[in-house]
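Protein chains: 2
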Amino acid sequence: MSILDVIKKRKSVRKFKQEQITDEEMQLIVEAGQLAPSGHNSQTSHFVVIQKQEVLNELRELVKAEFAKMEFDETTYSSIKTSITLSKKGKYNFMYNAPILIVATNLRGYGNAMADCSLALGNMMLMATELNIGTCWINQLKWLTDNETVKKYLEKIGISADEMVCGCLSVGYSDQPNLAPVIRKGNVTDFIK
Amino acid sequence: MSILDVIKKRKSVRKFKQEQITDEEMQLIVEAGQLAPSGHNSQTSHFVVIQKQEVLNELRELVKAEFAKMEFDETTYSSIKTSITLSKKGKYNFMYNAPILIVATNLRGYGNAMADCSLALGNMMLMATELNIGTCWINQLKWLTDNETVKKYLEKIGISADEMVCGCLSVGYSDQPNLAPVIRKGNVTDFIK
Numbered sequence: 000m001s002i003l004d005v006i007k008k009r010k011s012v013r014k015f016k017q018e019q020i021t022d023e024e025m026q027l028i029v030e031a032g033q034l035a036p037s038g039h040n041s042q043t044s045h046f047v048v049i050q051k052q053e054v055l056n057e058l059r060e061l062v063k064a065e066f067a068k069m070e071f072d073e074t075t076y077s078s079i080k081t082s083i084t085l086s087k088k089g090k091y092n093f094m095y096n097a098p099i100l101i102v103a104t105n106l107r108g109y110g111n112a113m114a115d116c117s118l119a120l121g122n123m124m125l126m127a128t129e130l131n132i133g134t135c136w137i138n139q140l141k142w143l144t145d146n147e148t149v150k151k152y153l154e155k156i157g158i159s160a161d162e163m164v165c166g167c168l169s170v171g172y173s174d175q176p177n178l179a180p181v182i183r184k185g186n187v188t189d190f191i192k
Numbered sequence: 000m001s002i003l004d005v006i007k008k009r010k011s012v013r014k015f016k017q018e019q020i021t022d023e024e025m026q027l028i029v030e031a032g033q034l035a036p037s038g039h040n041s042q043t044s045h046f047v048v049i050q051k052q053e054v055l056n057e058l059r060e061l062v063k064a065e066f067a068k069m070e071f072d073e074t075t076y077s078s079i080k081t082s083i084t085l086s087k088k089g090k091y092n093f094m095y096n097a098p099i100l101i102v103a104t105n106l107r108g109y110g111n112a113m114a115d116c117s118l119a120l121g122n123m124m125l126m127a128t129e130l131n132i133g134t135c136w137i138n139q140l141k142w143l144t145d146n147e148t149v150k151k152y153l154e155k156i157g158i159s160a161d162e163m164v165c166g167c168l169s170v171g172y173s174d175q176p177n178l179a180p181v182i183r184k185g186n187v188t189d190f191i192k
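Line by line, the protein sequences are chains E and D. Take the first sequence: its position 108, counted from the start at 1, is 107 in numbering that gives the first Met the number 0, and no numbers get skipped. Take the second sequence: its position 88, counted from the start at 1, is 87 in numbering that gives the first Met the number 0, and no numbers get skipped.
Rather than coming from a laboratory, the hints here were simulated on the basis of the structure. Treat each hint with caution, since some may be false.
The list treats identical chains as one, so a pair stands whether inside a single copy or across any two.
Unchecked claim - Computed cross-link-like contacts, SDA-like style, restricted to lysine to any residue with a CA-CA straight-line distance of at most 25 Å:
id	residue 1	residue 2
1	151	138
2	63	156
3	150	110
4	63	110
5	8	131
6	87	147
7	184	24
8	87	4
9	192	73
10	192	144
11	184	157
12	7	131
13	14	87
14	8	68
15	90	70
16	10	30
17	184	40
18	151	84
19	8	26
Predicted, not measured: the structure shown is a model, and the values here were computed from it.
Could you put together the complete structure from these sequences and hints?
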């Protein structure tokens with residue numbers, strides 16, 4: 000498969016089978032992320048691969064509880080509004096019940112943090128696609144990265160207070176029918192020749 | 000080539016041949032970027048592909064002039080220090096003399112701006128690698144995205160004031176010997192199973 004085929008095949012998956020992917024598959028996905036470029040090749044991104052159901056459950060409940068405490072107004076980003084509204088109703092699973100959550104963190108205040116983590120997560124998504132494994136980008140822990148309760152929990156699983164969450168991936172075998180491809184009108188692109 | 004092979008092959012190129020890549024190659028690179036995921040599939044990233052030597056020259060001189068006006072102290076990020084120091088000496092080409100600069104912008108203040116642009120630029124780097132075309136991530140226009148003189152120039156080439164530069168790529172055929180691969184110790188990765 001050419002790289003463009005993999006790029007075209009990749010689609011966000013939001014319904015996952017509960018079985019774990021193999022260790023070999025997990026290693027390939029992680030390796031793809033580790034090989035991503037980083038500013039000055041500093042490789043300060045930190046990946047935490049959560050495959051333990053107990054931790055996933057605790058995290059899910061914690062995120063729901065913290066969003067449920069929040070309020071929004073007309074300036075709030077639409078997806079954060081949805082997170083708050085659903086959490087207040089008690090029904091919110093920010094990671095779509097995936098058997099794996101990969102959390103990508105970097106140093107707080109570091110200028111390349113978002114770019115470096117995004118490039119790593121991008122590589123992981125493509126590697127997973129080639130292996131027929133579904134992924135979905137998850138922003139909720141990034142939105143809550145300054146939340147004290149969330150920070151305390153993340154410390155317990157090895158993410159220190161001087162790290163910020165830049166993004167996450169839900170990962171697992173897809174349990175989603177093969178829907179029609181997402182239509183991409185394409186970002187505006189100008190050529191100056 | 001498997002996607003992991005492309006990921007392993009990708010290396011930052013900082014010395015370029017002056018000839019243009021073909022239009023077909025350029026289109027494939029742009030397409031790879033346009034197909035990257037974006038928050039809510041909103042596709043607000045905007046790509047400006049500069050292949051006109053006159054514009055590249057003006058931009059290079061402008062960036063040098065603006066960095067030359069800046070000062071730094073011990074808290075300044077090391078690469079910004081280098082940009083300022085070299086610019087004050089009058090010898091600074093922030094884009095390594097590449098025949099193409101791709102500028103990726105997004106809406107100022109938009110929470111997914113950096114992630115969306117980074118994922119698009121990441122896809123472009125991998126597509127270019129498969130085509131044996133060199134790339135290098137360029138941060139300087141991002142660092143200067145609030146600079147009024149730079150903003151004014153960017154407006155002239157179609158980047159409006161409500162857009163911010165998230166990242167750029169230098170693109171072209173490599174004129175760099177095949178150096179040994181960059182050693183990646185690998186980002187710290189923890190598994191919670």
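Checked hints:
For the homomeric pair residue 151 and residue 138, the shortest alpha-carbon distance inside one copy (18 Å) is at most 25 Å, but the shortest distance between copies (33 Å) is not. For the identical chains of this complex, residue 63 and residue 156 are intra-copy neighbours only, at 18 Å inside a copy versus 45 Å across copies, given an alpha-carbon limit of 25 Å. For a Cα distance limit of 25 Å, the shortest separation of residue 150 from residue 110 qualifies both inside one copy, at 21 Å, and across copies, at 20 Å. For the homomeric pair residue 63 and residue 110, the shortest alpha-carbon distance between copies (21 Å) is at most 25 Å, but the shortest distance inside one copy (30 Å) is not.
Taking the shortest alpha-carbon separations for residue 8 and residue 131, both the intra-copy value of 9 Å and the inter-copy value of 22 Å come in at or below 25 Å. When the C-alpha separation of residue 87 and residue 147 is checked against a cutoff of 25 Å, the pair qualifies only within one copy, where the shortest distance is 19 Å, while the shortest distance between copies is 44 Å. For the identical chains of this complex, residue 184 and residue 24 are inter-copy neighbours only, at 20 Å across copies versus 32 Å inside a copy, given an alpha-carbon limit of 25 Å. For a Cα distance limit of 25 Å, the shortest separation of residue 87 from residue 4 qualifies neither inside one copy, at 41 Å, nor across copies, at 46 Å.
Taking the shortest alpha-carbon separations for residue 192 and residue 73, neither the intra-copy value of 42 Å nor the inter-copy value of 41 Å comes in at or below 25 Å. Taking the shortest alpha-carbon separations for residue 192 and residue 144, only the inter-copy value of 23 Å comes in at or below 25 Å, while the best intra-copy value is 43 Å. For a Cα distance limit of 25 Å, the shortest separation of residue 184 from residue 157 across copies, 20 Å, qualifies, whereas the shortest one inside one copy, 41 Å, does not. Proximity of residue 7 to residue 131 under the C-alpha cut-off of 25 Å is found in both arrangements, the shortest distances being 13 Å within a copy and 20 Å between copies.
Proximity of residue 14 and residue 87 under a CA criterion of 25 Å is satisfied intra-copy only: 22 Å inside one chain copy versus 55 Å between copies. In this assembly of identical chains, residue 8 and residue 68 lie within 25 Å of each other by CA distance neither inside one copy nor across copies; the values are 38 Å within and 47 Å between. Taking identical chains as interchangeable, the C-alpha atoms of residue 90 and residue 70 lie at most 25 Å apart only when both belong to the same chain, with a minimum of 16 Å there against 52 Å between chains. Taking the shortest Cα distances, residue 10 and residue 30 sit within 25 Å of each other both inside one copy (21 Å) and across copies (16 Å).
For a Cα distance limit of 25 Å, the shortest separation of residue 184 from residue 40 across copies, 10 Å, qualifies, whereas the shortest one inside one copy, 34 Å, does not. For a Cα distance limit of 25 Å, the shortest separation of residue 151 from residue 84 inside one copy, 24 Å, qualifies, whereas the shortest one across copies, 41 Å, does not. When the C-alpha separation of residue 8 and residue 26 is checked against a cutoff of 25 Å, the pair qualifies both within a copy, at 21 Å, and between copies, at 18 Å.
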